[in-house]
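Asker: Below are the chains, spelled out letter by letter.
Number of protein chains: 2
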Amino acid sequence: MISKTQAKYIQSLGQKKYRDQEGLFIAEGPKLVKELLQNKNARLEQLYALDEWIDENEKVLSTANAVRINAGDLERISQLKTPNQVVAVFKKFESNAPIAKGKISLVLDGIQDPGNLGTIVRIADWFGVDQIICSTDCADLYNPKVVQATMGSIARVNLFYTDLPMWVKQQARIDIYASMLEGKDVTTMPAMKEGVIIIGNESKGIHKDLAEFANEKITIPKKGEAESLNAAIAAGIILSHLV
Amino acid sequence: MISKTQAKYIQSLGQKKYRDQEGLFIAEGPKLVKELLQNKNARLEQLYALDEWIDENEKVLSTANAVRINAGDLERISQLKTPNQVVAVFKKFESNAPIAKGKISLVLDGIQDPGNLGTIVRIADWFGVDQIICSTDCADLYNPKVVQATMGSIARVNLFYTDLPMWVKQQARIDIYASMLEGKDVTTMPAMKEGVIIIGNESKGIHKDLAEFANEKITIPKKGEAESLNAAIAAGIILSHLV
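Chains as they are written, first to last, in our numbering: chain A, 53 to 295; chain B, 53 to 295.
Please keep in mind that the hints were generated in silico from the structure rather than gathered at the bench.
Be careful, since some hints might not be right.
Intra- or inter-copy, both count: the list cannot distinguish identical chains.
In silico SDA-like pairs for lysine to any residue, Cα to Cα no more than 20 Å straight-line [said to hold, decoys possible]: (1) K197 to F265; (2) K221 to L96; (3) K143 to D192; (4) K153 to E268; (5) K155 to I228; (6) K56 to A263; (7) K275 to M241; (8) K155 to G257; (9) K256 to Q223; (10) K274 to E246; (11) K197 to E74; (12) K68 to K269; (13) K133 to P166; (14) K153 to Y70; (15) K83 to S280; (16) K236 to E246; (17) K245 to E264; (18) K68 to L294; (19) K221 to G75; (20) K143 to I228; (21) K197 to T134; (22) K269 to D107; (23) K60 to T188; (24) K275 to V295; (25) K269 to N122; (26) K275 to Q131; (27) K68 to T271.
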């Protein structure tokens with residue numbers, strides 16, 4: 053059973069302001085929650101679930117943090133259209149200013165769609181890219197839609213928000229590729245060992261003051277008629293050729 | 053001004069049953085509608101728009117089909133959360149059973165998410181793949197969410213629903229690749245000139261009775277930890293390597 057105040061508190065974490073204030077975020081659904089509970093970086097604050105879920109998952113759960121609720125309560129605290137058994141509140145992950153040297157970094161300029169951002173985190177994780185640097189106008193990593201779209205990869209990728217031109221400028225002697233509508237054909241380029249790949253907003257592209265730091269413009273060659281590719285699709289294709 | 057009956061009729065096209073009955077579908081928003089109006093395959097049935105949109109687009113519009121409406125009416129007939137100036141009703145495109153010979157075809161098995169299906173149509177169009185064969189349990193191409201996600205590519209790609217194992221069986225002497233979690237590394241394979249690429253549902257994969265027709269299993273090598281890739285991302289990566 054959940055009190056009105058508790059329900060209101062959990063619901064409030066759907067908003068960035070309260071997530072920032074509390075240092076917490078919400079994850080929902082059996083698959084995502086279980087994956088986070090099993091990840092050593094994830095720190096559970098509180099969990100609310102139907103009996104069936106708790107009974108099935110006692111092993112991965114410190115019962116001290118688990119509250120049994122009914123379907124009505126679940127509906128009240130869920131951010132999903134179709135609530136799915138469990139809502140968990142986790143502490144936000146620590147995030148440190150990444151250094152580009154020695155690995156591949158993804159830089160995201162103005163990726164505002166939550167689904168796209170979450171999908172890109174998952175793609176990065178698939179390709180073993182473990183750091184993403186975002187402009188401050190990207191969607192919030194802890195937006196429930198982003199969290200759901202990362203499918204657990206949120207716990208494995210260091211995502212850092214900063215002033216992009218400043219960050220890129222600080223990275224010394226490293227390849228910086230910018231994904232553009234015109235550039236070198238990415239499908240014929242050799243894999244990178246270290247470097248920075250910049251992906252921009254699909255309608256606005258990459259800001260000029262960031263693009264000027266790139267020493268190579270790269271592109272996915274178009275053979276048909278579509279005007280553009282979705283930013284997440286572009287990220288997936290580029291990483292598959294360069295990693 | 054729109055009558056109650058008219059509004060109800062337009063709204064009804066949000067449902068497959070009525071779209072099938074009428075042979076019509078809805079497209080919304082200035083960008084998509086303009087692109088369809090300029091496509092010779094698209095046949096406009098009726099268009100409802102705010103004054104500002106009609107005044108700006110008189111050239112691409114046969115005014116006989118255009119109804120001026122106000123913001124309140126737009127809200128009543130739109131399928132979007134944020135209605136955007138114009139709602140157009142088009143005739144469905146003709147769709148013919150494709151022949152695999154001589155080109156690359158995409159086969160989609162159980163792609164039920166409308167956003168994924170629409171994005172895949174757009175990706176196919178980007179790479180010049182102009183035919184997609186879908187299992188009957190894929191999302192409906194004319195679902196408003198699919199239409200919006202295709203971004204106009206809906207008019208350039210022939211998408212056909214059929215019994216997939218039967219269709220694939222009829223295609224003689226052609227390479228059939230199935231995208232699986234294990235298989236030949238797609239990033240090292242040569243481009244195809246003709247052939248069939250099968251993409252399955254990301255959680256259920258490809259049905260056994262379809263996969264058995266494949267003469268090559270292909271995969272996108274995983275370097276990190278993510279459990280899977282979204283079906284649209286997989287389609288984009290595979291086409292970028294094989295087309």
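Asker: When the hints from earlier in the document are held up against this structure, which numbers fail?
Answerer: Hints 1, 2, 6, 8, 9, 12, 14, 17, 18, 19, 20, 22, 23, 25, 26, 27 are the ones this structure does not satisfy, whereas the remaining hints hold.
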